[in-house]
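Please build the complex by placing chain B on the supplied structure of chain A, with the hints as guidance.
Number of protein chains: 2
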Amino acid sequence: MSLEGDRLLSELNGKLDAGDILAGPAVDERYRDDPDGKLGALPEIVLRPRDTEGVAIAMAACNRLGQPVVVQGGRTGLAGSARVQPGEIVLSLERMTGLGIPDREAATITVQAGATMQAVQEAADNAGLMFGVDIGARGSATVGGNIATNAGGIRVLRYGMYRAQVLGLEAVLADGSVLTSLKGLPKDNSGYDLNQLFIGTEGTLGVVTRAALRLHPKPLSEVNAFCALPSFEAAIALLGLLRQKLGPLLSAYEVNFAPLYDDMIPSMAAPAPLPAGSPVYVLTEIQGNEPDRDGERFAEVLMQAVEDGIVSDVVVSQSPREFHALWAVRESVNPFLFAMKGLIGVDVSLPLARMQAFLAQTETAIRAIDAGANIYVFGHLGDGNLHYQVRTVEPSAAYDIIYRGVAAAGGGVSAEHGIGLDKKRWLPLVRSDAELAAMRRLKTAFDPNNILNRGRVFDIAPPDPSA
Amino acid sequence: MSLEGDRLLSELNGKLDAGDILAGPAVDERYRDDPDGKLGALPEIVLRPRDTEGVAIAMAACNRLGQPVVVQGGRTGLAGSARVQPGEIVLSLERMTGLGIPDREAATITVQAGATMQAVQEAADNAGLMFGVDIGARGSATVGGNIATNAGGIRVLRYGMYRAQVLGLEAVLADGSVLTSLKGLPKDNSGYDLNQLFIGTEGTLGVVTRAALRLHPKPLSEVNAFCALPSFEAAIALLGLLRQKLGPLLSAYEVNFAPLYDDMIPSMAAPAPLPAGSPVYVLTEIQGNEPDRDGERFAEVLMQAVEDGIVSDVVVSQSPREFHALWAVRESVNPFLFAMKGLIGVDVSLPLARMQAFLAQTETAIRAIDAGANIYVFGHLGDGNLHYQVRTVEPSAAYDIIYRGVAAAGGGVSAEHGIGLDKKRWLPLVRSDAELAAMRRLKTAFDPNNILNRGRVFDIAPPDPSA
Numbered sequence: 001m002s003l004e005g006d007r008l009l010s011e012l013n014g015k016l017d018a019g020d021i022l023a024g025p026a027v028d029e030r031y032r033d034d035p036d037g038k039l040g041a042l043p044e045i046v047l048r049p050r051d052t053e054g055v056a057i058a059m060a061a062c063n064r065l066g067q068p069v070v071v072q073g074g075r076t077g078l079a080g081s082a083r084v085q086p087g088e089i090v091l092s093l094e095r096m097t098g099l100g101i102p103d104r105e106a107a108t109i110t111v112q113a114g115a116t117m118q119a120v121q122e123a124a125d126n127a128g129l130m131f132g133v134d135i136g137a138r139g140s141a142t143v144g145g146n147i148a149t150n151a152g153g154i155r156v157l158r159y160g161m162y163r164a165q166v167l168g169l170e171a172v173l174a175d176g177s178v179l180t181s182l183k184g185l186p187k188d189n190s191g192y193d194l195n196q197l198f199i200g201t202e203g204t205l206g207v208v209t210r211a212a213l214r215l216h217p218k219p220l221s222e223v224n225a226f227c228a229l230p231s232f233e234a235a236i237a238l239l240g241l242l243r244q245k246l247g248p249l250l251s252a253y254e255v256n257f258a259p260l261y262d263d264m265i266p267s268m269a270a271p272a273p274l275p276a277g278s279p280v281y282v283l284t285e286i287q288g289n290e291p292d293r294d295g296e297r298f299a300e301v302l303m304q305a306v307e308d309g310i311v312s313d314v315v316v317s318q319s320p321r322e323f324h325a326l327w328a329v330r331e332s333v334n335p336f337l338f339a340m341k342g343l344i345g346v347d348v349s350l351p352l353a354r355m356q357a358f359l360a361q362t363e364t365a366i367r368a369i370d371a372g373a374n375i376y377v378f379g380h381l382g383d384g385n386l387h388y389q390v391r392t393v394e395p396s397a398a399y400d401i402i403y404r405g406v407a408a409a410g411g412g413v414s415a416e417h418g419i420g421l422d423k424k425r426w427l428p429l430v431r432s433d434a435e436l437a438a439m440r441r442l443k444t445a446f447d448p449n450n451i452l453n454r455g456r457v458f459d460i461a462p463p464d465p466s467a
Numbered sequence: 001m002s003l004e005g006d007r008l009l010s011e012l013n014g015k016l017d018a019g020d021i022l023a024g025p026a027v028d029e030r031y032r033d034d035p036d037g038k039l040g041a042l043p044e045i046v047l048r049p050r051d052t053e054g055v056a057i058a059m060a061a062c063n064r065l066g067q068p069v070v071v072q073g074g075r076t077g078l079a080g081s082a083r084v085q086p087g088e089i090v091l092s093l094e095r096m097t098g099l100g101i102p103d104r105e106a107a108t109i110t111v112q113a114g115a116t117m118q119a120v121q122e123a124a125d126n127a128g129l130m131f132g133v134d135i136g137a138r139g140s141a142t143v144g145g146n147i148a149t150n151a152g153g154i155r156v157l158r159y160g161m162y163r164a165q166v167l168g169l170e171a172v173l174a175d176g177s178v179l180t181s182l183k184g185l186p187k188d189n190s191g192y193d194l195n196q197l198f199i200g201t202e203g204t205l206g207v208v209t210r211a212a213l214r215l216h217p218k219p220l221s222e223v224n225a226f227c228a229l230p231s232f233e234a235a236i237a238l239l240g241l242l243r244q245k246l247g248p249l250l251s252a253y254e255v256n257f258a259p260l261y262d263d264m265i266p267s268m269a270a271p272a273p274l275p276a277g278s279p280v281y282v283l284t285e286i287q288g289n290e291p292d293r294d295g296e297r298f299a300e301v302l303m304q305a306v307e308d309g310i311v312s313d314v315v316v317s318q319s320p321r322e323f324h325a326l327w328a329v330r331e332s333v334n335p336f337l338f339a340m341k342g343l344i345g346v347d348v349s350l351p352l353a354r355m356q357a358f359l360a361q362t363e364t365a366i367r368a369i370d371a372g373a374n375i376y377v378f379g380h381l382g383d384g385n386l387h388y389q390v391r392t393v394e395p396s397a398a399y400d401i402i403y404r405g406v407a408a409a410g411g412g413v414s415a416e417h418g419i420g421l422d423k424k425r426w427l428p429l430v431r432s433d434a435e436l437a438a439m440r441r442l443k444t445a446f447d448p449n450n451i452l453n454r455g456r457v458f459d460i461a462p463p464d465p466s467a
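Same order as they appear, the protein sequences are chains A and B.
With the first letter of the first sequence counted as 1, position 424 gets the number 424 in the UniProt record's numbering; the numbers rise by one all the way through.
With the first letter of the second sequence counted as 1, position 124 gets the number 124 in the UniProt record's numbering; the numbers rise by one all the way through.
One chain only, chain A, in its complex shape (with noise of 0.2 Å):
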């Protein structure tokens, strides 16, 4: 155990259980794991606290020695926000995981931050709500990583941002100070909404430790589509198309362009719902409240897409069956890419309008690098929002390619992954040094001894030369 190491024990020494915390020998591996296969330090110390007061016990022990702290939910993120950097303990949720009983008339419920997505749409659907985010990682990733990366997903056209879910926090600050307001509560301009602080700042100003959730109706109707599209501009086409006719009907629209689809039909447990061969695929979603209608009604508009020549084949779900394999083809995309050796993958968001300029001038590019490159494109393309991956040869030109690409679209390096540790340093190409310097205006405010995720989504620059 290092001198920092022992201070900080015994500091905590009779204010937290022995049980809450785990030292030397007694931190296992996995507050190592990165799902990017990028291994974090070893951490000396790992703090489990079990509530809220716990964390600020932790806090202010910590904020004390100057001791830097990495927050730690299910340890899914995809920027390395949560990864240990040397000389970090570990401050983990993982035994947060409480659960309120949702409030059905006001549709909300109050979590622990350490709960996972699924146990938040499992307790929504068993009060007959439902939750408006779902996202690939729902099994493990918390909410209270959801709200540091302000998590996106596939039905953000419908319900929203996680941003949009969240009716109210309680956060333990760097200095131990506990800020609640759990009022939960649709509308309130009663002050500042401090709330916001702590939603999309990748745990850089607080540790959020309980939320007030917003929950939806449940549909009572579900029913998607997979369909294979003639080009980009009939994805945009018949995303219009929907919307005009469809209205709020609409809960998801997410796209798969060639060759992505082609290339992973062969690890796909169940048979391809359409041939391969199509430039561009589209799974699309409604959710509606007349279930002997919906379905005939969002079948009736893509034939009227089918006829207009913006759709060249569709496959509309039946059956609940049916509905979960269409899905299950979207959920395929993962692990075909993640069982990819030496590919880099991004997440970005672009103007629609520029969306067709930047895929064409990147691929050239690309390839102009790498001839033998393999590009793969999907996303949520209702939200502007892009994942690009690519193998090849030349993983750091790509990425300069990719960001500069987006830069000058007009896009975003993170639609909804966060910037974390691996990608601070494209942040300056999208954000001015004014927009940086009022970044660092606030973490200076609210954590003035850098000692809460320290050194994610920025650096607090310049570098202090005493230090």
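Read the hints as simulated data drawn from the structure, not as lab findings.
It should be emphasised that the depicted structure is a prediction, and the values quoted were computed from it without experimental measurement.
Note: identical chains are not told apart, hence a pair may lie in one copy or across any two.
Result set (DSS-like, lysine-lysine): computed pairs, CA atoms no more than 27 Å apart in a straight line:
id : residue 1 : residue 2
1  : Lys-341   : Lys-424
2  : Lys-38    : Lys-424
3  : Lys-424   : Lys-183
4  : Lys-341   : Lys-38
Just chain B, lined up with the frame of chain A:
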């Protein structure tokens, strides 16, 4: 002209156009206007820049001199945020009314902060789109003021608060630095979302100069209905039924409690749509995409509500004329109340589960101090937001009863009007010391000289004895 005024004019000399500055006798009385009739001070100087650069020059000069500034938009705020205090100069956005051309595909528009809400609504409408927020003061309230108060209004149920409409902002900080985040991407987590700093913070952290706003597809049908209900419980039951049967089509659910409707009928321009005498009236609206069918479907659900005994009488609009006539009933509330001398009014939010008890207890407590008090309550029931008015000989005691009742029920002392100067004494009833300290931390980080909308929302306490 005071010494301070002279200093500011000389500081601005050659930096702002003479036409951007009104001083001394050129300052019009209108800058003292306040919808509550509490006249502000007459400012010595009014700065009226035409662009962001002008706002930045004005703020930088005021910051150097420690000159307090109050920001004015449409001067229709209901909490005194824009009311001039002695020693303040006015920064008016009244000449920054520019509107960009709506982007139809992305459904966005970029506007200057001095544009009115109605101008935004009309620009959207002309492009075949719709803006999601509507309030009674649409013709005067500006985008900047709407953002500063996180405006709500009649369609929060469907489209969310103003915060949900903001895709990007440009703001000038107290020191004159400019933050421009106007990409208008629906999904972007590339670093902190600094826009959130300026939404609902009543101009205390920066001056919003431009905004990229979300628009929505224009609904193909709009139908409303005016209902008489036998009880508060029935109003809650009808809301649940409409949500369950109509899901996302439901776009407004406005309530009006006895004796408000009965008392306002004589002052209404048009005939009353339903007879007086019911305990509760509700105006509800749907927006759909099937003009041939939506009205009929809405009427079927309302007929079921009549059969179930939760609605005692109902009129459903059958034409655009009838649609507007029913909304006119809702809009008659404000003129009726504003014409009443000595009325006090508050804008509170409450958990739905505790609203009925709050109403009963508050009325009992008010009648105990003034048996002849008139109590008029209406509001946005779907959001838990009530506008509560009392005509009483004991206004100060009545405020206290209402706000303490709200706090005890877990509610908020401002749902959509903000805190400003007029409600800050009640803010500590609903926000903890830790929350107020965090608000002050933010204010100090972004306006260290405390020149911008000073004393709005909260005071920087304890007061600095050296100041």
